[in-house]
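Asks: The opening residue of the sequence shown carries number 22 in our numbering; numbering runs sequentially from there.
No wet-lab data here; the hints were simulated from the structure. Do not rely on the hints blindly, as some may be mistaken.
[What the hints assert, rightly or not] Per label pair, the in silico range of CB-to-CB distance:
id	residue 1	residue 2	range
1	Ser230	Asp270	28 to 38 Å
2	Glu252	Glu302	22 to 32 Å
3	Asn291	Gln103	12 to 22 Å
4	Asn202	Gln106	18 to 28 Å
The structure presented is a predicted model; accordingly, all values stated were derived computationally and were not measured. Each residue gets a CB set at the ideal place from its N, CA and C atoms; glycine is no exception.
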Amino acid sequence: MKINFFLTAFCLTLLIGCSSDSNELDPTVENNNDDNTEEVIIVVNEDTTEEIVMSPEDIENGNIEEEEEEIPSNNGSGVLSQEEQLQLDFATTSIFDRTSNNPNSNAKKWNSTINLFLSGDFSNSEINFINEFSEELNTISSAIDMNIVPSFEESNVEIYFATTQEYISNRPNFIEGFTPNGSSVGRANTRFRIPSFFITGNKIWVDTSALNFNSVIRHEILHILGLDHTEDPESILFGTPNTDFELTDNDIFTIQTLYNPLIQASFTQNQVTTSVENNREEFFN
Numbered sequence: 022m023k024i025n026f027f028l029t030a031f032c033l034t035l036l037i038g039c040s041s042d043s044n045e046l047d048p049t050v051e052n053n054n055d056d057n058t059e060e061v062i063i064v065v066n067e068d069t070t071e072e073i074v075m076s077p078e079d080i081e082n083g084n085i086e087e088e089e090e091e092i093p094s095n096n097g098s099g100v101l102s103q104e105e106q107l108q109l110d111f112a113t114t115s116i117f118d119r120t121s122n123n124p125n126s127n128a129k130k131w132n133s134t135i136n137l138f139l140s141g142d143f144s145n146s147e148i149n150f151i152n153e154f155s156e157e158l159n160t161i162s163s164a165i166d167m168n169i170v171p172s173f174e175e176s177n178v179e180i181y182f183a184t185t186q187e188y189i190s191n192r193p194n195f196i197e198g199f200t201p202n203g204s205s206v207g208r209a210n211t212r213f214r215i216p217s218f219f220i221t222g223n224k225i226w227v228d229t230s231a232l233n234f235n236s237v238i239r240h241e242i243l244h245i246l247g248l249d250h251t252e253d254p255e256s257i258l259f260g261t262p263n264t265d266f267e268l269t270d271n272d273i274f275t276i277q278t279l280y281n282p283l284i285q286a287s288f289t290q291n292q293v294t295t296s297v298e299n300n301r302e303e304f305f306n
């Protein structure tokens, strides 16, 4: 009896000890999920004029979720007129690209100087045209600072001027994953950081044989500013650029809206709309 009692007690002690050890968490072990998995989001439009890519090296903290920022109200809220509402609808279409199969859910913009490097078949005419457009954009919003630089190393955007055949023959991998076809006249490939959604780098191809050549240049540069297609055939942001390369009033309003300091990169459409409504005089004066 005594032997059985001591044996039973001894076995119970062993069982209790094993149970305790197996359920104790080691505080020195960390859950490391740093597997460097690529996250790439691509938006491709039917006319192959624009592509957006988020590269793994641009991802901050591996987290694209952000708390919604509080919308400041500098000039008081007000009900928009019908004309103002139409302008805002036009702007949000371009900022958030509702014409795409994969609409963008966050605003994107530059917060640094845009340095353009020109390559391929271009002349002083293209240099002068881009410089004039840069000045026009800076007049629309002083937040847009765009310059042509003499070397690739100084640039964060390269514009390659070439026909379709020259692109295929000379630089077939200029824009990764894109090969121009008979209907393509231009392409913009845009990189930006998430979750901040500030634009960090780009590539543009412009077909030098395009009949609406100057419109294509403006159209693609507006893409690298963070704007996308609209459904207005008169707009420079229409999917097929028209031969009139002047910006419409709606184009100008869209640029002013996105690059207004009250609109933050990463804003959702609701945040942009609320900011405009809360600061009506700021946006429509």
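Asks: Look at each hint and say if it fits the structure.
Replies: Verification of the supplied hints:
no.: 1; hint: Ser230 - Asp270: 28 to 38 Å; result: 31 Å, holds
no.: 2; hint: Glu252 - Glu302: 22 to 32 Å; result: 28 Å, holds
no.: 3; hint: Asn291 - Gln103: 12 to 22 Å; result: 20 Å, holds
no.: 4; hint: Asn202 - Gln106: 18 to 28 Å; result: 38 Å, violated
The structure is inconsistent with hint 4 alone, although it conforms to all the rest.
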